[in-house]
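> Chain by chain, the residues:
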Amino acid sequence: MSLRGLVKRFETKLAVAGVSLEVPAGSFYGLLGPNGAGKTTTLSMAVGLLRPDEGRAFLLGYDVWTDPVAAKSRLGVLPDGVRLFDRLTGPELLAYHGLLRGMDAATVDQRARELLEVLELGAGNRTLVVDYSAGMKKKIGLACALLHAPRLLVLDEPFEAVDPVSAALIRDILQRYVAGGGTVVFSSHVMEIVERLCDHVAIMSSGVLRLHGTLAEVRGDKSLEEVFVQVVGGRVATGSELAWL
Amino acid sequence: MTGKVGAWPFVRLKLRLTANGLRGRSTRIALFVLGVVFAGFFAIAGYSSFAIPGVLDSLFAAESALPLGGATLILGWLFLPLVFFGVDESLDPARFALLPLPRRTLITGLFAAALAGLPALATLAASAGMVDTVARLGGPAAAAAQAVGILLGLLLCVAVSRAVTSAFATALRSRRSRDLAAISLALLAAAIGPLQLAALAGAQRADWDTVAAVSRVVAWTPLGAPYSLGLDVAAGRAWQVPLKLLISLAAIAALLWWWSRTVESAMVGIAGASSRRTSTSTRSPVDLLLFRRAPRTRFGALVSREIRYWWRDAKRRANLITFSVAALFLPISLAVSASAPGGMTIFVGVLAALALANQFGFDGTAYAANITTGVPGRLEINSRALAHAIYTIPMLLATAVLITLLSGNPARLPGTLGLLLAAYGVGLGLVLPLSIRAAYALPDTPNPFAMSSGGGATKGFLALGVLLAGVLISLPLQVISLFIAPIWLWIGLPVGIAYGTAAYLIGSNVAATQLDKRMPELLTAITPNR
Chain A
8 MSLRGLVKRF
18 ETKLAVAGVS
28 LEVPAGSFYG
38 LLGPNGAGKT
48 TTLSMAVGLL
58 RPDEGRAFLL
68 GYDVWTDPVA
78 AKSRLGVLPD
88 GVRLFDRLTG
98 PELLAYHGLL
108 RGMDAATVDQ
118 RARELLEVLE
128 LGAGNRTLVV
138 DYSAGMKKKI
148 GLACALLHAP
158 RLLVLDEPFE
168 AVDPVSAALI
178 RDILQRYVAG
188 GGTVVFSSHV
198 MEIVERLCDH
208 VAIMSSGVLR
218 LHGTLAEVRG
228 DKSLEEVFVQ
238 VVGGRVATGS
248 ELAWL
Chain B
14 MTGKVGAWPF
24 VRLKLRLTAN
34 GLRGRSTRIA
44 LFVLGVVFAG
54 FFAIAGYSSF
64 AIPGVLDSLF
74 AAESALPLGG
84 ATLILGWLFL
94 PLVFFGVDES
104 LDPARFALLP
114 LPRRTLITGL
124 FAAALAGLPA
134 LATLAASAGM
144 VDTVARLGGP
154 AAAAAQAVGI
164 LLGLLLCVAV
174 SRAVTSAFAT
184 ALRSRRSRDL
194 AAISLALLAA
204 AIGPLQLAAL
214 AGAQRADWDT
224 VAAVSRVVAW
234 TPLGAPYSLG
244 LDVAAGRAWQ
254 VPLKLLISLA
264 AIAALLWWWS
274 RTVESAMVGI
284 AGASSRRTST
294 STRSPVDLLL
304 FRRAPRTRFG
314 ALVSREIRYW
324 WRDAKRRANL
334 ITFSVAALFL
344 PISLAVSASA
354 PGGMTIFVGV
364 LAALALANQF
374 GFDGTAYAAN
384 ITTGVPGRLE
394 INSRALAHAI
404 YTIPMLLATA
414 VLITLLSGNP
424 ARLPGTLGLL
434 LAAYGVGLGL
444 VLPLSIRAAY
454 ALPDTPNPFA
464 MSSGGGATKG
474 FLALGVLLAG
484 VLISLPLQVI
494 SLFIAPIWLW
504 IGLPVGIAYG
514 TAAYLIGSNV
524 AATQLDKRMP
534 ELLTAITPNR
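Protein chains in written order, with our numbering: chain A, 8 to 252; chain B, 14 to 543.
Derived from the structure by calculation, the hints contain no laboratory data.
Check the hints yourself; a few may be wrong.
Some but not every residue of chain B turned toward chain A, in silico, with C-beta under 8 Å [unchecked claim]:
hint : residue
1    : Ser39
2    : Thr40
3    : Leu301
4    : Arg325
5    : Ala379
6    : Ile384
7    : Gly387
8    : Gly390
9    : Ile497
10   : Pro533
11   : Glu534
12   : Ala538
Every residue gets a Cβ at the ideal spot worked out from N, C-alpha and C, and that includes glycine.
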């Protein structure tokens, strides 16, 4: 994935101010940043959900905005804050995504069953996705993104609201995926996960990329959290206020 | 710290939300201005019509017209939100669930906020014409009584619309009661029939005595009671005033109590998810999604999902149900009022297509899935139209049968169906491009009638525009069918289908091209503000 000078303005506010990022193929890339840093906006522009005001985005060499079909067919996305078609049951939703990807029905059935079993969602579960717990919704969303075996995965906050057991499972799936030659880009504000999983890291705040490179380069001899707080700034302790609490 | 909370903060919050919703959005401002113009027009037209009996100096005319006119206002407040506008739910009751507010405070506040809006203002201004009339007929004392009356009437209008939409929202949410809700909606719609009958028959035969008799009865119901207070003073029946005051106040209190009950269940409904069946199935995922004869392709998947959504999504289901009721009720009401039941044919056809006017808004951000999988515009549009037609065409067939039965001429069935299908095609042709260019976000609440501020106006104007344009474009066919009635019996169905198909092809083509260019913009438009 290659982003070149992406810019997005909302009314008067500059949400993303010229982000350029090279994600090497086969890397496990973590995009870090505080809330409101522009992570979701950047990833939305990268996958073709939000039209950038300036700049271009290439996925595996295909321009998302001029050659969307080629780019999107090789891409799996798990957007954050976006609803799924949640009036379908889990199996129905997976079948829907598979058929929309143009896969043949037998492959869809076989892969969907396997994913539902591995993610412990139940291949015959008739519960509507709208009634799933937050963690289950993340898992079914991830399953939808993986179903067509894309070469690039873009995941927005994949570990938010996921319980520790499911998180470990998702980590394992993603690590296997990268070991098999896939590329993962994901955003998070949980340092531990990023430090444990990623080989590359970028830190964003206020719509600007502050720091990026391999984990070792970015971290230096400090912990990632220290680097993050130092780069982003802001207060981490209270003084004499809140005495009434 | 925990001082008493009045209604005023709610009103301020509502006005603030409305203002913020307008800030920096030129289309919304334009719509708002259009709304103000329409409200002003309605107020002036209403005021002058209600003032006519006074100008004529006829107590008899006033006693016939005012209670009936007032009843029409209240019925309008009852039906228009259900069928056309939705309710402005910028103050979503669920948002107040965590605040330590007693129910009484909450309801008074929400009620006051509902009063602070253009529709309420316009209604008040229109009904002020009644005070004008009564002042001319009965002097200041009567006018004062009537002024109290129209204020009560306004409270009744707002209370009835809130209570009924909230109750239907609650009922349509649960699987068990939604059929009951559909039936009672039909009954409600049917209840307007006798009144319309009286009005139309009275107007046609100029039989003012009948109208006056009906009006006298209506004046004793909550519908007319508040609007006849001043008349009673003017006519020297002041003893009736306390009784009618009691009727009005009791009705308002009952409605508010009913509303508070359903609001409470709506507030709790968000926290406690409904428990649905959790049986398991051994069928394969693709078989679960697709209907038996659907092709195992992208198109099949899109259509199957749409069909399931029209039934499983409360917002869409509410649309289908209200259309079904209207489609059956309009011909009946016309037949009852002794005019030709065929007069509404093309109107019903266009109305059918209206449900798709904000089809992407129903999906909200879930539509992102279709963008990331790269569904082409044409496929998207055609699959959505087909899924809707699968529900609608049987409904139109039923309407056609009903119209021909009522007109007592079964041979006209194919011709009538042809007209309906032509109008449906024209409606789709108009609505599909609009569903992309004029999409708007629906709030994330379980209330299928809820609108974010400004949404109601958008929906109402779109509906009016589409209905008008659709009827105009279909009108040539209706005219032709009248001129060559004997031949129309034979060629009506194929010609109607051809006309409708042509209109659909043009409209869907435009829509598909636009969608291909504007997918991300469409997604932004239908994403609710958070």
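> Answer holds if the nearest beta-carbon of chain A is closer than 8 Å to that of B:Ile384; otherwise answer violated.
holds, 6 Å
> Against chain A, run the beta carbon of B:Leu301 and see if the smallest gap drops under 8 Å.
holds, 5 Å
> For the hint on B:Gly390, does the least C-beta distance to chain A fall short of 8 Å?
Violated: closest Cβ of chain A sits about 12 Å from B:Gly390, beyond 8 Å.
> Less than 8 Å between beta-carbons is the criterion; does B:Gly387 satisfy it with respect to chain A?
holds, 4 Å
> Quick check on B:Glu534 please, does its C-beta sit within 8 Å of some C-beta on chain A?
Holds - the Cβ of B:Glu534 comes within 8 Å of chain A, reaching about 7 Å at its closest.
> Hey, does the B:Ser39 contact hint survive, CB to chain A under 8 Å?
violated, 11 Å
> Under 8 Å is the threshold here; is the Cβ of B:Thr40 close enough to any Cβ of chain A for the hint to stand?
Violated. Min distance 14 Å.
> Quick check on B:Ala379 please, does its C-beta sit within 8 Å of some C-beta on chain A?
holds, 4 Å
> Does the CB of B:Ala538 sit less than 8 Å away from some CB of chain A?
violated, 12 Å
> Given B:Ile497 was flagged as interface, is its beta-carbon under 8 Å from a beta-carbon of chain A?
violated, 47 Å
> Was the hint right that B:Arg325 lines chain A, CB cutoff 8 Å?
OK, holds: B:Arg325 within 8 Å of chain A, min 4 Å.
> With 8 Å as the cut and Cβ atoms as the points, is B:Pro533 at the interface with chain A?
Cβ of B:Pro533 sits 4 Å from chain A, so the hint holds.
Going through the hint list in order, the structure does not satisfy hints 1, 2, 8, 9, 12.
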